[in-house]
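Asks: Model the full assembly from the supplied sequences, consistent with the hints where possible.
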Amino acid sequence: MSPAWAIAVPLGGAVLIAAARARPNLRETVTLSTAALLLGVVASLVPEVLAGGHPSAVLAEVFPGIALRLEVEPLGMLFALIASGLWIVNSIYSIGYMRGNREQNQTRFYVCFALALAATMGVAFAGNLLTLFVFYELLTLSTYPLVTHSGKPEAIAGGRTYLGVLIGTSIAFLLLGILWTWQIAGTLEFAWGGILEGRASNAMTGLLLALYTFGIGKAALMPFHRWLPAAMVAPTPVSALLHAVAVVKAGVFSVVKVIVYVFGVDNLAGMHSVDWLPFAAGFTIVMASLVALRSDNLKRRLAYSTVSQLSYVVLAAALLTPISIVGAALHISTHALGKITLFFAAGAIYTAAHKTEVSQLAGIGRRMPWTMGAFAVGALSMIGLPPFAGFLSKWYILQAAMGTGQTVAVAVIVASTLLNAGYFLPIVYSAFFKTGPADEQGHGHGEAPLPILIAQTATAAGTVALFFFPGLFLGLADRLAGG
Amino acid sequence: MTFTAHFNSWVAMALLTVGLYIVIARGNLVKKLVGLSIFQTSVYLLYISAGKIIGGTAPIIAEGFRVYSNPLPHVLILTAIVVGVATLALGLALVVRIKEAYGTIEEDEIHSQDEEP
Amino acid sequence: MLLVLLLASALAIVRARNLFAVVVLSGIYSFIMATQLTVLDAVDVAMTEASVGAGISTVLLLGTLYLTGSEEAAPGHRPILPLLVALATAGILIYGTLGIPVFGDPSGAIHQHVAPRYLQEAVEATGIPNVVTAVLASYRGYDTLGETTVIFTAGIGVILLLGIGRRVRERAQGPGGGMQEYLVLRVIAKLLIPFALLFALYVQFHGDFGPGGGFQAGVILAAGVIFYAVIFGLTKAQKLVPPRLVEILVALGVAVFALVGALGLILGGNYLDYFVLDHDPVHGQHRGVFWVEVGVCITVAGVMLAIFYAFAGRRRRPDSRS
Amino acid sequence: MIAHHLPALQVVVPLLAAPLCVMLRGARAAWLIALGVSWAMFIVAGSLLARVLREGVISYALGSWEPPWGIEYRVDLLNAFVVVLVSLVGALVISYSRESVDHEVRREQHYLFYAAYLLCLAGLLGLAITGDAFNVFVFLEISSLSTYVLIALGRDRRALTASYQYLIMGTIGATFIVIGVGLLYLMTGTLNMHDLAQRLPAVEHTRPVLAALAFLTVGISLKLALFPLHLWLPNAYAFAPSVVTAFLAATATKVAVYLLLRFYFTVFGAPLVLGEMPLPEILLALSLAAMFAMSTVAIFQDDVKRMLAYSSVAQIGYITLGVSTGTAAGLTGTVVHLFNHGITKGSLFLLLGCMAMGMRRITLQHIRGIGRIMPLTTFGVVVGGLSLIGVPLTVGFVSKWYLVLGALERGWWWVAVLILASSLLAVVYVWRIVEAAYFKAPGEQVAKLREAPLSMLVPAWVLVVATLYFGVDTRFTAGVAARVAELLLGGFR
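Chains as they are written, first to last, in our numbering: chain A, 1 to 483; chain B, 1001 to 1117; chain C, 2001 to 2322; chain D, 3001 to 3493.
A couple of the hints might just be wrong.
[Unchecked claim] Using C-beta positions, here's what the derived DEER-type ranges look like:
no., chain 1, residue 1, chain 2, residue 2, range
1, C, Leu2098, D, Gly3275, 21 to 27 Å
2, A, Pro24, D, Leu3454, 28 to 34 Å
3, A, Leu472, D, Gly3479, 40 to 46 Å
4, D, Glu3486, A, Met204, 25 to 31 Å
5, D, His3004, C, Arg2287, 20 to 26 Å
6, D, Pro3375, A, Pro24, 19 to 25 Å
7, C, Ile2266, D, Arg3106, 36 to 42 Å
Derived by calculation from the structure, the hints in this document are not laboratory data. Even glycine gets a Cβ: it sits at the ideal position worked out from N, Cα and C.
Replies: Encoded structure:
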């Protein structure tokens, strides 16, 4: 099947959703079935990719020699699977959340969500840098209305930061890098081993890499991470799928993809002008964790945790060994599962108890056992303990770091693991083992609405399942590393 | 390259300077237009001088003349003059309307009036 | 030397504060310019400059001053910058003109390439001894069509901005009223106007042989009517030549011109090809030029009248500064 | 038979239609004539372009006097392309105009309004198509005078002063052009552009020729509103009737740019213009100044029409910047941005015209919450805004792409950076509109509005769709532009 369907399906979905605006139930049905259909389309591509095939499709020729072209390769396959799979769960969750909180403009919400997924698929399957850039920008624009959904002043302010950073970096750095690449390489097509080999000098490569890694603001490499906390004003489902999975992963995914298919791992390995990248990533990991440790607002803490976890992927890719690439690819999926669970839980708490601050959560575990249980699972996976998915990817990355003798990287990983524990475990502890303020003993709120529970339980289960059955993802990751 | 060789064009320059100066420096809308036409006429002089041939006559073919001045500049300038007066007429019409709308034809006062609302 | 006078009058214009003085000076300026142009063998241009610069422009300016008041305010800002701009422009031009062929030198490129051919073949090709007219109406007839269109544009512009044909109350003074109480004037006018029209016709058709042509004719024609209006009052004039008719004349002239061109196209030539207008190409040229000139004359006369009606139709406003 | 005369008809038909409007005098009749003629001209332009693509340069001798003695119409790929843009916008604007003009212009003036519009169209087309340097001046004045009139018809009294200001500056510009042409004629004895191109090399380095280049540059820059000679533009655009603004913004400055290209590369030739003089450097400096200064000024405007007017000056900076690079890619960027910016701004101003149906002035305060009341109009504005920013899948992106490539080709990497940086300024002013339109509560004045009638929305949206379509499929726009660029650099010698 042509990968173009992966974009066409959510697009069509968006149209139908808009058409069904008058009838909420029908509208949500459309959303769910679109999500299911999309997963089907994506899944149908897996066998061919596992077999080493690269299904592709040309959408349009924009410039002579540069077309909007889709080509499915293992990394994109992996990313698309995660995003489309979690969209189903997230849609179930959204229904519970949006109705539970009686949100406004729900149609606009679902339409933009579908559009955002279409853009995500485009990023995942992009066959060249131009296509990647186009869908990358579309993703930004389609998620902007979701960030500013409430229309409140703080939402608009958040939207400004979001748009400012993402559009700014992408136009000022990424586009420049792309044009420069075209200038020196004469092509923008992704190719195994890179297209810059022997075309760009040592210094040039370092500069280009900087343009790419910072230009892809969605990877939230410091100092261009501010948009992510700012985006937390959005409704939780948005934070959950887009700002824990689709958008941010589109960022790190693009970074990995550029490193593998534009620069070429071996090519970079030979260059000393790129040695700064692990440090930049490491810095982000530690700093973000520290901020997370000190922020009391739950979603904010999760956001900074995301910032730091994203840089794991960048760090892994920057280690430039096959195994580290596998680690990077895996971390994209494992972190996605864990973090979405955490956000689901945060949203559940907000819906049921209208609590947003960490300090308010004492004893909440008794009233919301399922929710906090899921939260605990996610947290442990973040920290990287078995038997949770997070362990796998961290393990690979650590191995790679030791293998390459990058002591800094090793130190960073260890330190951040401790920090993760530092800012997650207290929440779990106080939730279950402390008792809340006296006044709350009386009127008790119960669990969150059923759809929310289903969703978060599913993802929590996923994190465990992925630890025991990583076969599919490992397979794809290996294909990527092996070429 | 003697002085007289280009005397006409020198004068043309001077007129051009004067005209342009009036246009830019003066705030009165009518005076600006007068300056504008001086500016334009200086160009007429430039063209026509270029078309003159010493010892030539007006380019009306007749017995007894062999050297005629170049007719083409004359044609061009005829057009230019007409265009000039057309512009002037339009400009003056605008001035009249501006006077009716603002009660003045002095640039500064018009600006000060536009600041207020 | 004329040129010095020219310069003097220009400078006088800069100095003068009273706008009536400015207008009169610019009239004088145009006259000197016209004379200077005659000296340079540009008789047609001179005639036009005289009728336009000293004639129409002056009348227009006076009409405007009548409506807008005649005192110029002292310039508020320092005139240094404008001076610099103007001088810079002149500077570039002086730099440029230092390289042009010496004045009156027949060996200049300008006298070598295109122009000679006009002087040699114009007469037998078009049968028009006045080469200027020949080039104007035939070789570069398309420019003239454009020129006529420009006048037309200005005409409808003025009509749009000021409107014509609004009923004007008879007033003792000004263009609105007229001065029919002066018997002598009336008689003279009655005698003069036909001559004016005759003269217009003469200029119109003489254009082929001597200086003159559609434009000048149109101006004189209009002048006749304007004269009539001044004597007998705008209302009578508008009865004689109703505004609607003026509008039609304005458009008609251009239309005639453009259609003559189209005719050439229909008869199998290019646009504005006069050769095909008659089996004898020279006659064709003649015919073409004739009708084209008629077109110009009509539009010019129309526009002049339109502008006159438009300005005369306005009522003067009190000056805000007094 | 008729095909042979297309170049003449392209200009003469609207020119002849104008007096017809005046004689018929009916408001509706005038509109119908204008409508018919405009679309006919678009067809003519299309077939001309097709023929040029097929057979190459078309030469048409007016009055059957062979050039350089008579006036020649000379259609090559460049001006065929420009003529298509002008006539296309003209046709759409006139289809849109009826309701808007009914709303903004007194009815008894309509027949004259449409006559003036037709003259403006004829002037611009003639300007673009002629091959004679002096004929340029004549048609420039036709278009200019009609433009002054059309601007002065705006409802605000400031329209009058804007028109007057433009009249003064425009006339100075035109006179400069006459001086330049005169100097060229002085040195070569010819007025025909093609002939000039042949004879100039002989006298290339004489002072008059260089002075002519200077005068033409300044004169044309006045018409195309090159910073800092743009002073007439913002008020003219802000206070002219909506229809007029849309038409001018999309065509007038573009034709002026065409003129610049024509004189630079056809008459003087790339070697002289790009080679011996500091001209490219000056152009570059002014373009960058325009891009940054004017975009910044635009950010601080509250009147949306004014904001977009300043953005136009900034966008002209991009166009001239492409010229200054003197590279194939850069010139491609220039030519393609002519077209792209034309349709983008055209659509934007048409949509603002839709808003103007309900409000006298369109300021950020007036359009609060208009996104809910006029969804189609507002969304169209957003699309246009994205194109101004240069977001992919819009034409703006295509232009930027080539411009940056041009800068890189020339080795001006810092210019490339600046081009991209300046488009971030566009993000700011566009987003001021977006936030006002979508995230503010509608005032009671806005709440009374209704979505604009289809007769206005359709033409406007045709341009919006074009903005998107040519952002993806650039075979026509960029394709032609690339060929033009190589033509220009090759010179016509």
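Asks: State for each hint whether it applies.
Replies: Each hint tested on the structure:
1. C:Leu2098 with D:Gly3275: 21 to 27 Å: 22 Å, holds
2. A:Pro24 with D:Leu3454: 28 to 34 Å: Roughly 30 Å apart at Cβ, these two residues keep to the hinted range, so it holds.
3. A:Leu472 with D:Gly3479: 40 to 46 Å: Given a distance of about 45 Å, which is inside 40 to 46 Å, the answer is holds.
4. D:Glu3486 with A:Met204: 25 to 31 Å: 29 Å, holds
5. D:His3004 with C:Arg2287: 20 to 26 Å: Holds, since His3004 of chain D and Arg2287 of chain C (Cβ atoms, about 23 Å apart) stay within the stated range.
6. D:Pro3375 with A:Pro24: 19 to 25 Å: 20 Å, holds
7. C:Ile2266 with D:Arg3106: 36 to 42 Å: 38 Å, holds
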